[in-house]
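Protein chains: 4
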Amino acid sequence: MLILLHLDAGPDERARVRDTLTALDVAVEEVQLGDRTGFVVVGGERSHPKDSLARIPGVAKVVTLTDRATLVHATWKEAGHAVSLGPARFGGGHVSVIAGPCTVEDPDALREVAHVVRDAGAAALRGGVFKVRTSPYAYQGGGQKALAALHATSREVGLPFFTELTDPRQVQEVGDLIDGVQIGARHMQNFPLIEEAARLGKPMLIKRHWAADVDEWLNAAEYALRCGNDKVILCERGCKTADKHVRYLLDVGVVPYLKQRVGLPVIVDPSHAAGDHTLVPALARAAIAAGADGLIVEVHHRPETTRCDARQALSPDDFARLVRDVRAIASLTDRVLAGPSTPLRNSAVGG
Amino acid sequence: MLILLHLDAGPDERARVRDTLTALDVAVEEVQLGDRTGFVVVGGERSHPKDSLARIPGVAKVVTLTDRATLVHATWKEAGHAVSLGPARFGGGHVSVIAGPCTVEDPDALREVAHVVRDAGAAALRGGVFKVRTSPYAYQGGGQKALAALHATSREVGLPFFTELTDPRQVQEVGDLIDGVQIGARHMQNFPLIEEAARLGKPMLIKRHWAADVDEWLNAAEYALRCGNDKVILCERGCKTADKHVRYLLDVGVVPYLKQRVGLPVIVDPSHAAGDHTLVPALARAAIAAGADGLIVEVHHRPETTRCDARQALSPDDFARLVRDVRAIASLTDRVLAGPSTPLRNSAVGG
Amino acid sequence: MLILLHLDAGPDERARVRDTLTALDVAVEEVQLGDRTGFVVVGGERSHPKDSLARIPGVAKVVTLTDRATLVHATWKEAGHAVSLGPARFGGGHVSVIAGPCTVEDPDALREVAHVVRDAGAAALRGGVFKVRTSPYAYQGGGQKALAALHATSREVGLPFFTELTDPRQVQEVGDLIDGVQIGARHMQNFPLIEEAARLGKPMLIKRHWAADVDEWLNAAEYALRCGNDKVILCERGCKTADKHVRYLLDVGVVPYLKQRVGLPVIVDPSHAAGDHTLVPALARAAIAAGADGLIVEVHHRPETTRCDARQALSPDDFARLVRDVRAIASLTDRVLAGPSTPLRNSAVGG
Amino acid sequence: MLILLHLDAGPDERARVRDTLTALDVAVEEVQLGDRTGFVVVGGERSHPKDSLARIPGVAKVVTLTDRATLVHATWKEAGHAVSLGPARFGGGHVSVIAGPCTVEDPDALREVAHVVRDAGAAALRGGVFKVRTSPYAYQGGGQKALAALHATSREVGLPFFTELTDPRQVQEVGDLIDGVQIGARHMQNFPLIEEAARLGKPMLIKRHWAADVDEWLNAAEYALRCGNDKVILCERGCKTADKHVRYLLDVGVVPYLKQRVGLPVIVDPSHAAGDHTLVPALARAAIAAGADGLIVEVHHRPETTRCDARQALSPDDFARLVRDVRAIASLTDRVLAGPSTPLRNSAVGG
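Chains as they are written, first to last, in my numbering: chain A, 4 to 354; chain B, 4 to 354; chain C, 4 to 354; chain D, 4 to 354.
Since the hints were made in silico from the structure, they are not lab data. Any given hint could turn out to be false.
[Claimed, not checked] No more than 30 Å apart at the CA atoms, straight line, and that leaves these computed lysine-lysine pairs for DSS-like:
hint : chain 1 : residue 1 : chain 2 : residue 2
1    : D       : Lys64     : C       : Lys243
2    : D       : Lys247    : C       : Lys247
3    : A       : Lys243    : D       : Lys247
4    : A       : Lys247    : A       : Lys64
5    : C       : Lys262    : D       : Lys247
6    : A       : Lys243    : D       : Lys262
7    : D       : Lys247    : A       : Lys247
8    : A       : Lys247    : B       : Lys148
9    : A       : Lys64     : A       : Lys53
10   : B       : Lys247    : C       : Lys262
11   : D       : Lys243    : A       : Lys243
12   : D       : Lys53     : C       : Lys262
13   : A       : Lys243    : A       : Lys262
14   : B       : Lys247    : D       : Lys247
15   : B       : Lys243    : C       : Lys243
16   : A       : Lys247    : B       : Lys262
17   : B       : Lys262    : B       : Lys64
18   : C       : Lys53     : C       : Lys64
[Claimed, not checked] Taking CB as the label site, the calculated pair distances span:
hint : chain 1 : residue 1 : chain 2 : residue 2 : range
19   : D       : Glu307    : C       : Lys247    : 34 to 44 Å
20   : C       : Gln35     : B       : Ala155    : 50 to 60 Å
21   : C       : Gln35     : D       : Ser318    : 36 to 46 Å
22   : D       : Ala313    : C       : Arg310    : 48 to 58 Å
23   : D       : Leu180    : A       : Asp218    : 26 to 36 Å
24   : B       : Arg314    : A       : Lys247    : 31 to 41 Å
25   : A       : Glu32     : D       : Ala112    : 26 to 36 Å
26   : C       : Ala313    : B       : Asp28     : 20 to 30 Å
27   : C       : Pro110    : D       : Ala313    : 53 to 63 Å
[Claimed, not checked] From the derived model, a few chain D residues whose C-beta atoms are all more than 12 Å from chain C:
hint : residue
28   : Glu32
29   : Asp216
30   : Val217
31   : Lys262
32   : Arg264
33   : Ala293
In this text, all values refer to a predicted model and were calculated from it rather than measured experimentally. Glycine residues also receive a C-beta, built at the ideal position from the N, C-alpha and C atoms.
Between the sequences and the hints, there should be enough to build the whole structure, so can you do that?
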């Protein structure tokens, strides 16, 4: 069960409810859902009926955890705010574009790409430093040195950055340096990693595995929410099928499906879906037209020099055109493209 | 091999080339590709080298049929025109919406839906009369009686109609009554049906099977082009995957992929993909934003009374809103929504 | 609803029941299910309750058609016999192997393959004469001339043959010449074809489409049973997935699943699944070990000379070894390999 | 590149080759491939041509790493031995069955199941203690306490055990207690986990992800081999498809495909594929008939009491029958079922 407190419950009230539950011998975990505090009851459902717990002073609502991904499904809508990170804002009428190179290789190249995407209208940077590669002989990323370069460039251009972590020990080592954590598709069900990353309390981009159904994906997010982190952004990046004309089949229909059901922002990665830069702009327009809260796009000014995914990186010109189209389609559906020059309600780095 | 004649080759020249080939003992089939005539060489490739045939007077170009779906791939771009049917025009800078009930059941209901979609901006009607149902106990369609009702309503509202044929014998019996033939997903590789339907010379909508790759789909179209029918419209309607949140996963990426490679118009059926009317508008917007040349959409003013696919039919209001969005997104990508009130280059019923 | 008569109901009783139903204004279709006659009520379910119809003299049981594929699911078990064709017997404790070339090309080659497979233990021949090819430029089969050669060879070696039909008009033209009809995967939902073929009253091999689920497959069989043909053999031939190591992924689990639920024989085509002769023997052994009632296998003494699927044809030696393994594994699971030299209960050609 | 030393190269020779490479400024990692030592050159391929390195004294062969999964593909065949763990032996003419409960819950129940499977012929135990569950609210396993119970039971019945690890930190904490490590399907591309686990030097069961192709799977194994662990067992457990009649579609064809190409043992998990105990025996027979080197099967004497996957556990009687069938089919294909009472070449716990 999930015990939700009243919106105005302060620390004293939280403590009182916790004490009451403890006295009842009910094991709970505290969760923060937007502006609201809740307690997840772990394992004691049978001894204490829902109706009794609902009578504890300070408790607003008790939700039975029979549906999976309960925090995602049942609660978020009440809290209802977007996920923000610096000038980027995902959801709540805002659309943001994350852009940058596939992989951080050369600091100078990184700086050039970062300026390009900032000037074109990106609200956050992307760049891989700990890469997950199918083959152990493929380039594994620049590690901590690359992370330092990404951090420095981020501060230089004034955009926060997202990067993927792949090992719970990395979270402990370098988590503090990171603005937004990306959980890659291959790690969508690496729950020790998700839990460790969630505890950083920073925005988390959870990519959908290419064979995950919606229930599996939302439950991965649920692992994060259960750790008290409500800054989860869902990212669709395409499904594996027998098709050969695209690398992965982008599931554009999952965007409206989720927007009708959960409050978490949903963004789309057209670059990994298409695997081909000539298809990326059309997929990006489709995603925004379907209601996506943002995009994460690979851009490079000299794709032919990169060690990874050269075929899917957009040129600076193509990216600038993409941002213009995204702005126009977002406006058609009553939304605003967020970016460095757009005034927002909440713009603190870290959420 | 494909032997293409010069654009200005008249009947005499065609006859001369054919005679020359016959004298060489090469079996050929004449094909009409837009404004251009060609001969497909059947089986004699080994005896007569390409370079020799290219020297026959009147021959512009000889294309080796090593790529499959050659007529679709190699030739169409040269001819380069849209497929038109009455006020509907697909491709060449025009977008059209086909709309109507899943199935023609009740003539009065059909008339009501037809007026609704015409007034909202549809350029053609849809309606099933010979249904392909998984179960033999499901409603199999109203047959010839329903076809007569569809024809009468079509003339009343001034919109042409598309309907599915499922048996080569039906083509022979009722083909003359039909404006545009639909080949359903389950019959995408029913080549006797496609060939018989192609010989009607009318616009043909070839739906992609839910497990067909692009090569299989284009080769199905190639069967029609080989019979001399160049009025093929490709229709994406979703792929079968393990997902449960949509009925089929709409492959929006196939739209730009095809638009870069073939000249045939590509439209999208968001109704059968979603299987749920609440998702149809978002998929429709995404399809047009990705570059689709049109849509085929199920609409009903009282979906609760229908015998088939009630869940996916749009209400009249939702459909009117969808057409407005389609017009706006088409305009953003420099295209025009074609319809009864839009002046067009070519508006003869039948192409 | 399905109205089943008593097992010993004769022609008079059938006529009486039919008259009673007609007098009640109930539209019915007569079906023959093994040794039992039934009437399928079409559309009148609402006016005449099940309990009333069950009181008509001569009626044994009334089954409500709420489950789809009702004849397949609910009735067959009662009749409970195998499908036989000459020396071949599928089900009822017998396993049979159908073998031959992919396509009938050269009459001499066909005769050689036919002798090889007969001597090794095959109980029926296979050979394509009307081919369904993805590309219109691929070899489309030898047609009626090839069919005549297949028929002559069949009589020479004393084995019946299966061949695919692809057009309802073909059924009418050449159906009489054929021993067993194959419905190919691409035509699994071509219901006009299935119905026309079922009316021949001959054994029918219905292949599963590579993207069909069990319900869709059994409903295709239901279309045949509804036409009164109870000699349907289901054939699994692999599912389309993203994998590249096999052409199709053989669903060996569908064999025990079906054997627990329906009485129709289930056989396996390892050749089209694997697409590679080196994998065929292992898949064949697996199929029989899982309980399959037979196999259909491509064999050729000189695969390098064939125009179609050369890579998957077994050599004569490999085929002889395969039959030995099949016999041994069948025996391990208490079944007998049927063939020309095995005495059987019922060996009339045609069922 | 992979530099392989002569089979009889001793420590001195290894050191000399390493020194030579270091002097050339080539970064290498030493790998042990069966009885053979190799050096993987990391990143220096361009400066030192293959032909030069092959002239270093003591070097037998230099393999270019252009094929992915090189150690798996190119080298293992030379070493060519099975993976052994106590009485269990996978490959090299031996077949072994791993069996036990899905999850270690109750120590008494565990002991009962362990005796049952040992007596029936299992050669190793299975039992989950760190569970990977889609939902955070599902039972997450008994952790270290359950591991202690599994270890104690294993010693009591004289069978080694496999259990899944899910976090590189767990490997460090409890790796010493474990006989064989299982990498679950969801963690197949969790490379930090695989590398940490591989360094234990113990047998590793790497399950195939339900959407992984063969290349991805073998590359996951390559990550382990690159860390010097040559005791990898590949385990097929079914692919995710749109089908509903089985939980996952068992890819029985991957068994012969791999046995023709790599030396690693390949086993099959019919329990997770089927998701239904009534289908498990048929899948198990099919797997062995196709050439699998073993099985991993869930068994429980009272499945109705378990918290996880109750539907797929075999009863003791069904399991005993399955082992008898496996023994018979293995013998038909010239292999021997390994177990506690079967004498083997090498039976040390730990490989």
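Results for each hint:
1. For the suggested pair D:Lys64 and C:Lys243, the alpha carbons sit about 40 Å apart, so the restraint of at most 30 Å is broken.
2. Between D:Lys247 and C:Lys247, the direct Cα distance comes to roughly 23 Å. Compliance with the 30 Å bound is thereby established for this hinted pair.
3. Proximity of A:Lys243 to D:Lys247 is assessed by CA-CA distance (about 19 Å); at most 30 Å being required, the pair is judged to hold.
4. With a C-alpha separation of about 49 Å, the suggested pairing of A:Lys247 with A:Lys64 is violated against the 30 Å cut-off.
5. Between the alpha carbons of C:Lys262 and D:Lys247 the distance comes to roughly 16 Å, so the proposed pair stays at or under 30 Å and holds.
6. Proposed proximity of A:Lys243 and D:Lys262 is supported: the alpha carbons are some 26 Å apart, at most 30 Å.
7. Distance restraint check for D:Lys247 and A:Lys247: the Cα-Cα separation of roughly 25 Å lies within the 30 Å cut-off, and the hinted pair is therefore satisfied.
8. Restraint check: the Cα-Cα separation between A:Lys247 and B:Lys148 comes to about 43 Å, which exceeds 30 Å; the hinted pair is violated.
9. For the suggested pair A:Lys64 and A:Lys53, the alpha carbons sit about 9 Å apart, so the restraint of at most 30 Å is met.
10. Distance check on the hinted pair: B:Lys247 and C:Lys262 sit about 27 Å apart at the alpha-carbon level, within 30 Å; holds.
11. Taken as a hint, the D:Lys243 and A:Lys243 pair is honoured in the structure, with Cα atoms around 11 Å apart against an allowance of 30 Å.
12. For the hint linking D:Lys53 to C:Lys262, the alpha-carbon distance of about 57 Å lies beyond 30 Å, and the restraint is violated.
13. Note on A:Lys243 and A:Lys262: the hinted pairing holds, with a Cα-Cα distance of about 23 Å set against a maximum of 30 Å.
14. Among the hinted pairs, B:Lys247 with D:Lys247 is consistent with the structure: their alpha-carbon atoms are about 11 Å apart, no more than 30 Å.
15. Under the criterion of a C-alpha separation no larger than 30 Å, the hint pairing B:Lys243 with C:Lys243 is consistent with the structure, at around 11 Å.
16. A distance of roughly 16 Å separates the Cα atoms of A:Lys247 and B:Lys262; the hinted pair therefore holds under the 30 Å criterion.
17. Our distance criterion of 30 Å between C-alpha atoms is met by B:Lys262 and B:Lys64, whose separation comes to about 24 Å.
18. In summary, the hint linking C:Lys53 to C:Lys64 is supported, as the alpha carbons are separated by about 9 Å, within the 30 Å threshold.
19. Checked against the hint of 34 to 44 Å, the C-beta distance between D:Glu307 and C:Lys247 comes to roughly 42 Å, which is consistent with it.
20. Range check, C:Gln35 to B:Ala155: Cβ separation about 41 Å, and the 50 to 60 Å hint is violated.
21. Restraint check, C:Gln35 to D:Ser318: a C-beta distance of roughly 41 Å satisfies the suggested window 36 to 46 Å.
22. Separation of D:Ala313 from C:Arg310 is about 53 Å and conforms to the stated range, judged on CB atoms against 48 to 58 Å.
23. Checked against the hint of 26 to 36 Å, the pair D:Leu180 and A:Asp218 passes, with Cβ atoms roughly 34 Å apart.
24. Here the CB-CB span from B:Arg314 to A:Lys247 is close to 32 Å, well matched to the stated 31 to 41 Å.
25. Take A:Glu32 and D:Ala112: their Cβ atoms lie about 29 Å apart, and the range 26 to 36 Å holds.
26. Evaluation of the 20 to 30 Å hint for C:Ala313 and B:Asp28 yields a pass: the beta carbon distance comes to about 28 Å.
27. Distance hint for C:Pro110 and D:Ala313: a CB-CB separation of about 59 Å, consistent with the stated range 53 to 63 Å.
28. No beta-carbon of chain C is positioned within 12 Å of the beta-carbon of D:Glu32; the least distance is around 29 Å.
29. A beta-carbon of chain C is positioned within 12 Å of the beta-carbon of D:Asp216; the least distance is around 6 Å.
30. At roughly 5 Å, the least C-beta separation between D:Val217 and chain C is not larger than 12 Å, which violates its mark as non-interface.
31. Non-interface status of D:Lys262 relative to chain C is broken: a Cβ of that chain comes within 12 Å, the nearest being about 8 Å off.
32. The non-interface label for D:Arg264 is inconsistent with chain C: the shortest C-beta to C-beta separation is roughly 9 Å, within 12 Å.
33. With a minimum CB-CB distance of about 4 Å to chain C, D:Ala293 fails to clear the 12 Å threshold, and the non-interface call is violated.
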